[in-house]
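Trainee: Chain by chain, the residues:
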Amino acid sequence: MLLHIYIVYRVNDTADMPTSVQSCRIEEGDAALLSRQAKRRQIEVSTLSSLYLKEKALEEEFPGIGFRDAAGGREAYLPGQRVAVWEVVDVYREAKTISRTADHFGWPEYLVKCALAYAKQLPAEIAAQRHWEAGE
Amino acid sequence: MIRLVADANLSRRFVAACLRLDEGFPIVHLADWISGKHRISKDPVLLEALREQGLILVSFDRRTLAMHAGERTRSGGGHAGVILFRRSVSPMDYGKQSRLVVELWKEAGDWDWSDRIEYLPRA
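Each protein sequence line maps, in turn, to chains A and B.
Heads up, the first sequence is in the numbering used here, so the first residue is 12 and it goes up one at a time.
Heads up, the second sequence is in the numbering used here, so the first residue is 666 and it goes up one at a time.
Take the hints with a grain of salt, since some may be wrong.
[Said to hold, decoys possible] Some chain B residues well away from chain A (every beta-carbon gap over 12 angstroms; in silico):
| no. | residue |
| --- | --- |
| 1 | 700 |
| 2 | 713 |
| 3 | 780 |
[Claimed, not checked] Within a straight-line C-alpha distance of at most 16 angstroms, the following computed EDC-like cross-link-like pairs (lysine to aspartate or glutamate) qualify:
| no. | chain 1 | residue 1 | chain 2 | residue 2 |
| --- | --- | --- | --- | --- |
| 4 | B | 707 | A | 80 |
| 5 | B | 702 | B | 717 |
| 6 | A | 65 | A | 80 |
| 7 | A | 107 | B | 758 |
| 8 | A | 67 | A | 80 |
| 9 | B | 702 | B | 713 |
In case anyone wonders, no lab produced these hints; they're calculated from the structure.
Just so you know, these numbers come straight off a predicted model, no measurement behind them.
We put the beta carbon where it would ideally sit given N, CA and C, even for glycine.
Chain B with its partners taken away, still in its complex shape:
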């Protein structure tokens, strides 16, 4: 069952790398999730759609997503969880990205991700 959605600023190669590490890893790229329906959605719309499905968004977008997710938490709308890569992670280092997410998920798959924002690498 899918639990994570990789944002448009992440490459499909990142998703492929996660699946190479763990072939059953529950991730899909945004462009492939429900036929790419939310590929162009703005953050508030996407966060709402993901909340309805209980899906966590994985992204590089530190400038807008944290802000919109925080606004949704404050307004009571909430979100289903966001994982953000820190600047120290190269956008093209698919190996490191996948290792960080797969490792996190081993520990955090059972967490309550409601309104949670996690940064990788973890501090």
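One chain only, chain A, in its complex shape:
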């Protein structure tokens, strides 16, 4: 049974990034799950919905990329490898080539290409993640 719930959220609510308001209908069980997860994270359901929607859309756009909690916020990473995209970018800056970067990690080259494609599309996000490091 569908619960008639309208979830309103804002995406990237900054002066530089125009936002839009969307609504969607989700099943009652999914709404309860979302609510539990939002409570656990101590954020609004709408904020969590916005986050999930954005990250799922990016995961579809960039196969091989996932997201995880990190100090300072969420970060993009390669779920099959435990390595953040910004870490791949760091190594690539030194290695200069995809081949040498792949060799460093012991990966096939397509994984490096995948991370670099994401970083190229969202350079500000990756720079922010690289900048924010804990414990230094």
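Knowing the structure of chain A, use the given hints to seat chain B on it.
Mentor: For chain B alone, kept in the frame of chain A given last:
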């Protein structure tokens, strides 16, 4: 006996460099530890597995590992120790990485590493 595990963000070349400095150095790469079983594990799962075995994790991951290790300490779950390279250490400078870890281990091999996070180079 293995005491240290190099995380996936470190190259196997780092492990090889440690073994060149000290052929008996007790380190293994995550991809080779128990046949790579935890190569894709998330931090909390990996930290728990390492705690069970009393193994210390060596990593570049300053953004997530310190946070998850701290959470485990606060919750009482604990961890078996984490060594993190500072940003000043290049991810491809395997020589410097290995020298830092091997030197630390000479002094710190007998420490109680429970819930300890050590940064290299040391302040």
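Trainee: What hints, given by number in increasing order, does this structure fail?
Mentor: The structure conflicts with no hint, since it agrees with every one listed earlier.
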